Amino acid sequence: MRPRTWVLLLGALFAVLQLANVTGRDTPDSRNYLSYALVLRGDSKPEAAEATVAHYCASRASMAHRRQNVHVVRFHRADPAPLVEARCRAKELSEVERRLEAGESAGPMVPFSSERFMRIFEARPGYPLFLVPFVTLFGVTWGLWAAGVTVAVAGGVLVFLILRAMDLPVPLALTGQALYFALPSGAIAMRPMTEGLLMALTLAAVWGCALVLRGRRAGLALIAGSLAALFAVKHSQAMFLGGCLAAAGAAVAVARWRKGGAPGRDLAAITGIGVCAALGTTVLARLLGYPTVAESLQDLLADHFTRPDRERPWAEFWQLSGNFWMEWARRQFWEPFFLAAVAAGVWGALRRPVFGAFVIAAAGTGFLTQAGHPDINIWGGRLLALAWLLPVLGVPMLLEHLVRDRVSLPAQGHADRARSSTAR
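So the sequence shown is residues -20 to -1, 1 to 404, counted in mature numbering (1 follows the signal peptide of the UniProt record, and there is no 0).
Just so you know, the hints here were simulated from the structure itself, not pulled from any lab data.
All of these numbers come straight from a predicted model, not from anything done at the bench.
C-beta atoms are modelled at their ideal positions from N, C-alpha and C, and glycine is treated no differently.
Wrong hints could be hidden among the right ones.
[Stated by the list, open to error] Distance windows between CB atoms, simulated:
| # | residue 1 | residue 2 | range |
| --- | --- | --- | --- |
| 1 | 113 | 83 | 29 to 35 Å |
| 2 | 208 | 323 | 47 to 53 Å |
| 3 | 121 | 47 | 15 to 21 Å |
| 4 | 82 | 274 | 24 to 30 Å |
| 5 | 237 | 86 | 19 to 25 Å |
| 6 | 66 | 309 | 19 to 25 Å |
| 7 | 24 | 323 | 30 to 36 Å |
| 8 | 236 | 86 | 50 to 56 Å |
Could you put the whole structure together from the sequences, leaning on the hints where they help?
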């Protein structure tokens, strides 16, 4: 079969497997994104509230039913789903009605939380805009599922394209696509949150870097377009990625210069785009009145503004960060799969130092995101989602290196034996 057929088959297999969990992926933040999408398509606030709460509470009821089915004590009791759904609807709708009656209806979302907290999501219209055609065509439940499948499969296809752009054999490029689906990156991309779209756009930027390094100038437009789209989805990721790509380009240019070579126009162009993206994001976010770093810090420490603001936020932040990374490291050493996967990815990326620098830079934005929000209980490690791009892209490059050595060594041994026999 042609390579594209294998790519499509892997994507179709992943989509079929996701039918096992059409519901149950929602988080509290999913309510904000969904209501934003419904308002963007023209629903009134009460209509968007009703549809969002219905979906969110049905999802929670489904999870309660599934948990009880396998509970060793309560599996034979009555189905808790109807009660869970009724209580959830009463709680959520009463809170929304109270806020709407209090006049909290100026923003583009249903006010599930305080106006101060909702402003953080107002600055992220990209993902709700992406959802609009899906929820309009397929309804809320299947629309969210279809959107998740689409963005997750797109991420896997981009992995394949990146590895092929770097001349990896088709089987290894398909291995990278399969890793993207099988590792936590696939499950995270399926959630009705921004992370799936963030990973896909970040991969598009990395693909642009690969094309530029292969002499194809169209890659520059791909990098710039991806960074611009990232600003609409989550502007902090555009700033992080722009800065990291610029740092990677500068580091490779310096390494070339020390070896007596010229940095090259390709590196200069990528670095320039990265610098413009980082600085432009900062300036544009300030002009648009987006929440500042200080506001994000208070959101973290004041439990989404449900407690009084902290008087010494930075001091508390650094103390919390130290505690977080110590606990994070302890848990990683306990189950070191993530660390082993990242180490293998770095090893593989360094087999191609120039391109590998941009892979490491893109994946490093996951660690920056986590560092900015040191919460150990955040929904399954989704803030570190982009770090999984290291094993996804690096392991196939490592395998290429190992397979090439394994093939070349026996061939060299055979040649040596032949020479020895001739000499005798």
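So, going through the hints one by one against the coordinates:
no. : hint                   : verdict
1   : 113 to 83: 29 to 35 Å  : holds (32 Å)
2   : 208 to 323: 47 to 53 Å : violated (33 Å)
3   : 121 to 47: 15 to 21 Å  : holds (20 Å)
4   : 82 to 274: 24 to 30 Å  : holds (26 Å)
5   : 237 to 86: 19 to 25 Å  : violated (53 Å)
6   : 66 to 309: 19 to 25 Å  : violated (43 Å)
7   : 24 to 323: 30 to 36 Å  : violated (52 Å)
8   : 236 to 86: 50 to 56 Å  : holds (53 Å)
Violated hints, listed in ascending order, are 2, 5, 6 and 7; each of the other numbered hints is respected by the structure.
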